[in-house]
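Dock chain B against chain A, hints included.
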Amino acid sequence: MDYAHLENVCHQVRRDILRMTHAVNSGHPGGSLGCTEFMVALYFHHLRRNPTFTMEGHGEDLFFLSNGHISPVFYSVLARSGYFPVAELASFRKLNSRLQGHPATHEGLPGVRIATGSLGQGLSVACGAALAKKLSGDRHLVYSLHGDGELQEGQNWEAFLFAAHHGIDNLIATIDFNNKQIDGNVEDVLGLGDLRAKLLAFGWQALVVEQGNGLREVHASLVKAQGLSGAGKPTAIILRTKMGKGVDFMEDDHNWHGKAPNNDQLAMALAQLPQTLGDY
Amino acid sequence: MTIYNLDQKKATRDGFGQGLLEIGETNDRVVALCADLIGSLKMDAFKARFPHRFVQCGVAEANMIGVAAGLATGGYVPYTGTFANFSTSRVFDQIRQSVAYSGKNVKICASHAGLTLGEDGATHQVLEDLAMMKALPGMVVINPCDYNQTLLATKAIANYPGPVYLRFGRPSVPNFTHLDAGFTIGKALRLVEGSDVSIFATGHLVAKALEALPALIDMGIQAEIINIHTIKPLDREAVLGSVSKTRCVVSAEEHQINGGLGESIAAVLASAFPAPQEFVAVRDTFGESGTPDELMRKYGLDVADIVLAVKKVLARKRP
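Residue numbers (this note's numbering), protein chains in the order written: chain A, 1080 to 1359; chain B, 319 to 637.
Okay, chain A solo, but in the shape it has when bound:
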């Protein structure tokens, strides 16, 4: 694990997120910035990927983004890891683009296997994909990412029950726990209570990562989760992150959930993040 390199990738991904949302004055930078370390660690180190994208993804690990509004980080990481040209990031949210506001399969963007945006649907899909791997004897893993506010959608809890009941132990679901959603703190809007205890009670294995924006901690948790797979239970990682991480005036502020930086804010933000791989 080359931490220095991955730190550089994180800087570049954050620049992409800010520039993409700024360019169209829309999109969701806050959660994207907060999940950058997780997405970079996953795509640049952990996912065992085939060189060519296929929808079925036989013989490789799969990833499903359930909180589709953090598409900027997803697209940046997909492009930076070779799924499509980096220059295409400039088409984000524009007419005739493959980079829709929320991820979609409809335009055939490589790396995307399900449309998400309407919240709470990704865990069920990930369960189905994990079942497909079991049915076909493919021993690779299925990863998914969910928002904490998203867990207010009841379908997640159907899926938590389902995954445990069916022993879907080739699934690692990560919850981006930044305690932020559109209307404020998750605990104030509709609190999740003791999420780890709830997941354990639902029959899952659950890891809590206090430094979800630390590459070393994220890496260690993924290694640990992989070690827990195959033991009859699904695994969850509760990843404590900061919304807006990496840009001082955005950090821990729910107002940056779905608001793009203006010209001055972009300049101030980019000044905090060195260009490492080259802007698109």
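No lab work stands behind these hints: they were computed from the structure.
Virtual Cβ for every residue (Gly too), placed ideally from N, Cα, C.
Treat the hints with care, as some may be off.
For each label pair, taking beta carbons as the anchor points, the in silico distance ranges come out as [stated by the list, open to error]:
no., chain 1, residue 1, chain 2, residue 2, range
1, B, D362, A, L1279, 32 to 42 Å
2, B, A366, A, G1309, 26 to 36 Å
3, B, D354, A, G1216, 22 to 32 Å
4, A, G1187, B, D354, 35 to 45 Å
5, A, S1215, B, P551, 27 to 37 Å
6, A, G1337, B, P551, 50 to 60 Å
7, B, P479, A, G1309, 29 to 39 Å
8, A, Q1354, B, E555, 51 to 61 Å
9, A, R1218, B, N477, 22 to 32 Å
Same frame as chain A, now just chain B:
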């Protein structure tokens, strides 16, 4: 003229169960999911024969649709099974985003559609499902009319790569079509040839239309009866071919008048060959408890209603 025997009765859901078992034998990518209604959906035989390809989802339909989308992503051909109400209105957004917009090869198989569900009442008698499924881009919508046609449709949809809504029902109804008639998605079947009026019927109303035939013949009316099993994509050529000859239409369906087969036919005709049309359908109201026969009578979906609609539309037919 082909004679249809309306005496032998079987439930369309039994045709689904048999079709699922048969397609399971020949296509090992077919998997079945059920939301705690194995017996009602007649999925017992598939489950017993292919336990590893059967997924019990419990009373959690939203999750079932998502799991099906995931299985389809992995190259399988999932058939979900529950009542039509819980197959559509309960999970519309899951179908819209995870299946239709995502282009997943999921077969949404829905039993107990319409009033003929009977005594359970309006909570379960979905009469809006065709409208919802029709509205989704790319969704194929099929409502077979009897046991044999449901069996054939259940097998045929496995070979169509994309989302399908397959709607059938609870009661025993005449099983009159022939297995050797085959099943082609989007291809209407002319059951009776006639020149005075076109009756386009789907689902349980097809047998009702055939039952209306003797009364129509007694009145000297030569009705053409066309079985529309695929409501979307609609067989435009069959509709226009028949109506260009008869110049008037009766549509018949166990569904709300809003958004059903009748509207689809009217849309084709309005754009290409305007003709008077009468609608045998539920008139913007919910159902209630009762026997299937009582309900079909009360809500205007019976043989007499088809005869009446024919008389009305003939009176409106332009000379």
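Hints and how they fare:
1. B:D362 <-> A:L1279: 32 to 42 Å: 35 Å, holds
2. B:A366 <-> A:G1309: 26 to 36 Å: 29 Å, holds
3. B:D354 <-> A:G1216: 22 to 32 Å: This hint holds: roughly 28 Å between Cβ atoms.
4. A:G1187 <-> B:D354: 35 to 45 Å: 37 Å, holds
5. A:S1215 <-> B:P551: 27 to 37 Å: Because 32 Å falls inside the window, the suggested range holds.
6. A:G1337 <-> B:P551: 50 to 60 Å: The hinted range 50 to 60 Å is violated for G1337 (chain A) and P551 (chain B), with Cβ atoms some 38 Å apart.
7. B:P479 <-> A:G1309: 29 to 39 Å: Holds: the Cβ-Cβ distance is about 32 Å, inside 29 to 39 Å.
8. A:Q1354 <-> B:E555: 51 to 61 Å: About 60 Å separates the Cβ atoms of Q1354 (chain A) and E555 (chain B), which means 51 to 61 Å holds.
9. A:R1218 <-> B:N477: 22 to 32 Å: For N477 (chain B) against R1218 (chain A), whose Cβ atoms are near 30 Å apart, the range 22 to 32 Å holds.
Hint 6 alone, counting from the list given before, is not met by this structure.
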